[in-house]
Each structure stands twice: as structure tokens, then as C-alpha cells.
Amino acid sequence: MESYMETKHQVRPVDEVIAKYPKSREHLISILQEVQAEYGYLSRDSINMISDYLALPSSKIFGVATFYNQFKMNAPGRIQVSICRGTACHVKGSLNLLDSCRQLLGIEVGQTTKDGLFSLETVACLGCCSIAPAMMVNGQFFGRLDKKKLEYLVDTWRAAGRVEE
Amino acid sequence: MNRIFIGMGTCGLATGAGQVKAAVEKWAAARDMKVQITRTGCIGYCNAEPIMDVVTDDGHRVSYGNVTPEVAGFILDEVLVRKNCKLDGLLGQFVNGAAPLAGIPLIEEHPFFKKQVKYVLRNCGVIDPESIADYRAHGGFKGFERALGMSQGEVIQEVTRSGLRGRGGSGFLTGRKWELALASRNAKKYVICNADEGDPGAFMDRSILEGDTYAVLEGMMTAGYAIGADEGIIYCRAEYPLAIERIKKAIDVLKSEGLLEKPVGPGFLFKLRIKMGAGAFVCGEETALMASVEGRRGMPRPRPPFPSVEGLFQKPTIVNNVETMANVSHIMREGAESFSAMGTQNSKGTKVFALTGKVVNAGLVEVPMGMTLREVVFDIGGGIPGGKAFKAVQIGGPSGGCIPAEHLDITIDYESLKSVGAIMGSGGLVVMDEETCMVDMARYFLSFITSESCGKCIPCREGTQRLFEILDSIVSPYAKMPDEEENLLRFNRVLNMESLAQVIKDTSLCGLGQSAPNPVLSTLRFFRKEYEAHIYDRKCPAHQCKGLLTYTIDTNACTGCTLCAKKCPTSAIVGEKKKTHYIVDEKCIRCGTCQDVCRFSAVSVN
Numbered sequence: 540m541e542s543y544m545e546t547k548h549q550v551r552p553v554d555e556v557i558a559k560y561p562k563s564r565e566h567l568i569s570i571l572q573e574v575q576a577e578y579g580y581l582s583r584d585s586i587n588m589i590s591d592y593l594a595l596p597s598s599k600i601f602g603v604a605t606f607y608n609q610f611k612m613n614a615p616g617r618i619q620v621s622i623c624r625g626t627a628c629h630v631k632g633s634l635n636l637l638d639s640c641r642q643l644l645g646i647e648v649g650q651t652t653k654d655g656l657f658s659l660e661t662v663a664c665l666g667c668c669s670i671a672p673a674m675m676v677n678g679q680f681f682g683r684l685d686k687k688k689l690e691y692l693v694d695t696w697r698a699a700g701r702v703e704e
Numbered sequence: 049m050n051r052i053f054i055g056m057g058t059c060g061l062a063t064g065a066g067q068v069k070a071a072v073e074k075w076a077a078a079r080d081m082k083v084q085i086t087r088t089g090c091i092g093y094c095n096a097e098p099i100m101d102v103v104t105d106d107g108h109r110v111s112y113g114n115v116t117p118e119v120a121g122f123i124l125d126e127v128l129v130r131k132n133c134k135l136d137g138l139l140g141q142f143v144n145g146a147a148p149l150a151g152i153p154l155i156e157e158h159p160f161f162k163k164q165v166k167y168v169l170r171n172c173g174v175i176d177p178e179s180i181a182d183y184r185a186h187g188g189f190k191g192f193e194r195a196l197g198m199s200q201g202e203v204i205q206e207v208t209r210s211g212l213r214g215r216g217g218s219g220f221l222t223g224r225k226w227e228l229a230l231a232s233r234n235a236k237k238y239v240i241c242n243a244d245e246g247d248p249g250a251f252m253d254r255s256i257l258e259g260d261t262y263a264v265l266e267g268m269m270t271a272g273y274a275i276g277a278d279e280g281i282i283y284c285r286a287e288y289p290l291a292i293e294r295i296k297k298a299i300d301v302l303k304s305e306g307l308l309e310k311p312v313g314p315g316f317l318f319k320l321r322i323k324m325g326a327g328a329f330v331c332g333e334e335t336a337l338m339a340s341v342e343g344r345r346g347m348p349r350p351r352p353p354f355p356s357v358e359g360l361f362q363k364p365t366i367v368n369n370v371e372t373m374a375n376v377s378h379i380m381r382e383g384a385e386s387f388s389a390m391g392t393q394n395s396k397g398t399k400v401f402a403l404t405g406k407v408v409n410a411g412l413v414e415v416p417m418g419m420t421l422r423e424v425v426f427d428i429g430g431g432i433p434g435g436k437a438f439k440a441v442q443i444g445g446p447s448g449g450c451i452p453a454e455h456l457d458i459t460i461d462y463e464s465l466k467s468v469g470a471i472m473g474s475g476g477l478v479v480m481d482e483e484t485c486m487v488d489m490a491r492y493f494l495s496f497i498t499s500e501s502c503g504k505c506i507p508c509r510e511g512t513q514r515l516f517e518i519l520d521s522i523v524s525p526y527a528k529m530p531d532e533e534e535n536l537l538r539f540n541r542v543l544n545m546e547s548l549a550q551v552i553k554d555t556s557l558c559g560l561g562q563s564a565p566n567p568v569l570s571t572l573r574f575f576r577k578e579y580e581a582h583i584y585d586r587k588c589p590a591h592q593c594k595g596l597l598t599y600t601i602d603t604n605a606c607t608g609c610t611l612c613a614k615k616c617p618t619s620a621i622v623g624e625k626k627k628t629h630y631i632v633d634e635k636c637i638r639c640g641t642c643q644d645v646c647r648f649s650a651v652s653v654n
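Respectively, the protein sequence lines represent chains A and B.
540 is the number of the first residue of the first sequence in this note's numbering; add one for each residue after it.
49 is the number of the first residue of the second sequence in this note's numbering; add one for each residue after it.
Isolated chain A (complex conformation) (with noise of 0.2 Å):
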């Protein structure tokens, strides 16, 4: 999920990506995935590609990905913010965090700055329940958040046009 982000790299047409799957209906989720990972989304092309590869009706297709949380079918910003929302880190006021972000990026849950930079997301668990409340940006985990850390990241990101490694 992260190499598309990584911006110079050219991107490879979807069906190179996907030539390498057997065509059955059993791979679908991981060409989608793989997909994904290349464009950031699932677009109505790649969709369709993936339809004539796999011989499946597209609305097949369409259903099983809008199933499926991790699936997006609009372009995401540069850096994708993901607000943990797991019952640890809502114990500990992560819908506070989650409101100071909106404020913050002027956007709502599932969208994305007008400069594309930022779109804002959140998910069910990350997993760090320890360090909550925590978020997951661009692959990368921060944790022990606060509004005042949470604003100096966003700064940061915000000047630098990107997420430091």
C-alpha cells in the first residue's frame, strides 16, 4: 500500500499488474488489492479490466469491493490519515482526536483537501491499543496522540508537502 506514494515511480497498466494471477474468481480480493496499491484506488477502468480478465460482471466485482473497508473507489491525498477508532482509543478520546482533525484538515471522514493532500479516514482497530489513542499515516504509526501533537504533525506534513520518514 505504500509504493504508490513513494510519487516518481511510474505506474504500471493494470493489466501488466494483474497478468500474473490465475484467472479465477479466487484472486480476485488480492488483484484488488494489488490494484489498489498501484493507483491508491480502485477506478471505473481498472474495475472494468479486471471484469473482461477474470470473465466476472463488473457489478460483481463492484459488490465484493464495497464490501471490503479497504477498498477505495476515489482518489485518496498524498497522505491518508487513519484515525483509529478501536474501544482503547475510544477510552481514551480518540472522537475528540478525530473532531480536532476535521478541524484541522477541513474535511470530513472519507475526504480528501481540495490540493489533494490529505484525505482522512478511520479504522476499526490498528492494533496499538497500548500507545491509544493512536493513528496510522501513509503505513507509518504514531501514538499517544493529543491535539497539540496532533497539530504539530499536521503542520509539519503540511509545510513539507509529505511524511518523513
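Take the hints with a grain of salt, since some may be wrong.
[As the list claims (entries may be wrong)] Using C-beta positions, here's what the derived DEER-type ranges look like: (1) Tyr630(B) <-> Gly700(A): 39 to 45 Å; (2) Tyr691(A) <-> Asp136(B): 24 to 30 Å; (3) Tyr580(A) <-> Arg509(B): 22 to 28 Å; (4) Gln362(B) <-> Asp654(A): 46 to 52 Å.
[Said to hold, decoys possible] Anything over 12 Å on all C-beta distances counts as not near chain A; from chain B, calculated: (5) Arg184; (6) Glu202; (7) Glu534; (8) Leu537; (9) Lys553; (10) Pro589; (11) Val622.
[Said to hold, decoys possible] Stretch-level coverage of chain B by chain A, calculated; a stretch enters the list once three of its residues show a Cβ under 8 Å from a Cβ in chain A: (12) 52-65; (13) 94-105.
What the hints contain is simulated information worked out from the structure, not anything from laboratory work.
No experiment lies behind these values; they were computed from the predicted model shown.
Idealized CB from N, CA, C, for every residue including glycine.
Following the hints, complete the assembly by docking chain B onto the known chain A.
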């Protein structure tokens, strides 16, 4: 050459273990010393992460917690150059066979570890999970080799004798499940390891996969041999990138060592692959999981037929949880008695819990079955931070229940937890203090369930939605329901809340739906007063339900500094400079910013 161990599980990395590793490398380069850095998994004491262990010149391994990049160099200076191990953040030394260092406590004696029994977690945070040699040095694959020398029936008997029950939540006897699969004459069988740990508030499986990858794979191979399967699949959540990476590496190593995809022992041929989940909670249910592996929407189907008879691609399949699989490798190596000696009459062995929430020592704990909850929360967990009062502990995630203070002395085993309306579940233990609102908690779990319900059966799809709406109306201000009719409707719904919960429980298709109302039922059972305060007094005693809060500024304490008015995101605070300010209730969104910024504690909430 000195060995340095750094806990680099997800929790370690998130708290800066990566920077600590860089600091150690820099330190070594500056002094032209050679150190061997080993990335271990999580030892469980996540609260003290990043954790760094330093092995002294004479082979003693000493562990330090809360290591920052700045402190790392200092610790290395002291331990390796000045030979002084007594430093701040010292957790203790490991037992290594030699006489222990004088004056340094053993790590087993640390309050967090003292009451724990490490059976399945023994290697987590101790060995290098990416090194098969390290795993072998700690007894790895001995159990598998022993199994290969036995007949299939004998292996299953050994597992049955140990009394191991499924650690994923249901508590079905593992050996019994395997027996059913062995009895099937089908030539093609599957072993699935369920690593789709979707319970919010649980991370046992992640830690085991990250910290002791080979143990899980060994368990799967043993299971494969026992039931006569030739293919194993690990279904792992995509949210666990590190675990996935380590499993992939481990499978490659096993292939190159000839343990996979080549006949071993009495002609046993097994292949393993990993399948990434795509973020659906219901896929933790075994029939839904299999649908997902087949590339379909992860929807459960009615049982029977049970997966042991007709599972993945209509072939006999066993589905076991990560912790179960890891336990199998240790049971096969050390014999059934090593496991069955621990625990209670009907619940043998140990259980790993993810202890989190409002507790001092958050982390991963492994305790023998039969220990009381009080010991886990107060002795191991160290109690509630900030001197606050304990309110409840939530066990079993969205399918479980809340256990209040009066039942804290209950023993941990499958049956007694059921008697208080909770379940063992996969092992999430979330501690709550007086500042947690139980109605809000129930509402939180229901909102989770409504978004995760697969939509196949009506009681779960519609029922949980209605139940959520009822709870929502309980915590919402009157202003949201202006006319009388709606208020009556709301009252009517509240009256029917319990019976609705019961219907969902009785009529849902799968375990997710059947247990969905549990958070509501259990909080209603033990915290009815809190519901009543919300419904009759329109007050949230814990000050958590935003809709029921009002922020007011104390006219005497306010100095008119205008800070709150400036910071208020909705400009709901009015007032002139150096004069008392007021909050306009209609505009207030209850974000609490004014209370945070006020330097005179003039803002109060009610």
C-alpha cells in the same frame, strides 16, 4: 561483539524504536565498536516501549524501558563502557544459566511480569522472529518433528489431552475439531489460520505473529499433518503490515529449508500461503472468512455443514486462531501435561490478554486460566492511573460484556465469564474508570456493529440499526427531537430496548449478530442507573455524552482575557475585553476547547 535487542513490534516502532536503532548504530560507529542489533517482537510491556536489551561482555542480558534516542547512547556508555547496569528505566535481567548480576533484579520479578506465566508468548520479545536459527535454538520445530514420528490419531489425541480450546473466542475443543476433519475421507483438506483479528481493542495475534512467527507456522504444519491436509492458508488483516512481511519471509525460509512443498517425515507434503484480509470484521467468523478466501463477499452461511466436513471450496477445513496454532507447537514439544497442568477443570492452559484502556501498565499479558480479574487489572496492570476509581472492565470486544467492580474477583475461564454475561472472546481487556460513560460505550460498540454487519440477515442488519438509534436518542439533546410525537416515540423505543436486544440475540444467523446486543445487555444489567440518569435526568454522570453537556463560564472567575472567545471554533463565546464572557448554547458544539485553554478554570461543564 555485543548483542543489542530492540523491541521492534508495531508498538515499539510507533513509539520510536526505529530512531533508537539509528542512535545505537550511530553510537557504535562513533566508537568504532561492532554491535549486533536484533529486532525482536513485543515482550508485552508496551507501556515501556521502546525497550532495549543490552548484553554485557559476560553474557548477561539486561533490559531497559522507555528508551529514547538520546538516552540510548548514554545507556550503552554506562553498560558497555563503564560497566554500570543500574540506570533509570531498568526493567531487569534475563535468566541465562549463569549466576545473575548482583544488585540487578530479575525481569521475572518485575511487578508486571511476576504473576504472568509465559507459555505461548515465551519467545515474543526474546528471540529474533526473522531468524529460524534463533527459533530452533529455543526448541523450534522439535514439536513438529515429534508429531511426524507419531500417527495422525496420536497427534490429535495429544492435543485433545492437553485440553486446548479454541482461543479465537468460542472455546471449542481443538482436538475435537481436528478429529472431525480427520474422519472425512476427502483427499483434499485445508488448514486455515485465522489472523483476522478484528476485535477493536485486541492485539494478541499481531504480537504473536510479529514476535514468534515460526511458532504459528509450525502449529499449522502440525495441524496439516494431523488431519491429512496438504495446504495451509493464513488469513491475516491488511492492517498488520509488519506481521504480513514477517510471515512472507518465514514461508520463504521454510521453503528453502525443505520443510514446505517437499515431502518430510513419512511423506508429508504441505504448502503454505498468506491471504490478506481487506478489512471486514465479520470475516473473523469462520464461514465468512472462507467466503472471503474464495474471493466473494465475506458473508457467513448457516452451519451445519461445519467447516470440518464441508469448508473452503467445499473441502474439509479446520479454522484455528493464531494463539491456538502457536500453543499447538509448544504442546507437541513439551507434551500435553505441560499445558493441562495449568488452568481450571474445564479451561486448561494460559490465555493471552491485551490489557488496555485506563490502566497503568498497558500491554500484553499471559496468565493461567483461573486467575481473578482483580489480579490482572491491579497486580499486573498496576491499577488505574491518576488515582481515579475503577468502574468496569470490558472483555471480549463487541461480542463481550462489561464486568463491574463487584464481580472483579471472578476467575478467568470460559464458564464463569459466561455467567456474568461476558465472554472470553479473543482476549481484549479494556479497563474503564469513572470518566467512561457506559451508555456511550454501548453506543460505541453498536455503531461499530452497524457498520460491520454484513447485511445478510435481517435481525442483525435492521435490528442493530434500530438499537443504535435508541441509544443515540438517549444521548442526544432534546433540541434534536422537537415535537411531542417524536419524544413519545423515543420513550416507546427506550421501553422496548431490552426486548429488541433479545430478539437480535435469538434470531441472528452468525456469532457476530447473536452477540451484537451483548454490550447493551451487559451494561443494562450492571449500570442501569447510568441509563436512567441519561433518560430521566438528561445528564451524563461521566461527562462524556456531548449532547447532554452544557458548558458555562463562572462569572466570578472569568477575567475577560478573551482567550476562549478567540479559540472557539464556532464563535459561540461572546463578551467584551476584561468583562465576563458568556457561551451561546445554540452555537456551542461541546468541543471543550474553552475549558482546555482557560487559565482561570472558569469554564465548567455539567
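Do the hints match the structure? See the list:
1. Tyr630(B) <-> Gly700(A): 39 to 45 Å: Holds, since Tyr630(B) and Gly700(A) (Cβ atoms, about 42 Å apart) stay within the stated range.
2. Tyr691(A) <-> Asp136(B): 24 to 30 Å: 26 Å, holds
3. Tyr580(A) <-> Arg509(B): 22 to 28 Å: Cβ of Tyr580(A) to Cβ of Arg509(B): about 27 Å, so the range 22 to 28 Å holds.
4. Gln362(B) <-> Asp654(A): 46 to 52 Å: Roughly 51 Å apart at Cβ, these two residues keep to the hinted range, so it holds.
5. Arg184: 28 Å, holds
6. Glu202: 34 Å, holds
7. Glu534: 25 Å, holds
8. Leu537: 27 Å, holds
9. Lys553: 21 Å, holds
10. Pro589: 16 Å, holds
11. Val622: Holds: least Cβ distance 20 Å, greater than 12 Å.
12. 52-65: holds (count 5)
13. 94-105: holds (count 3)
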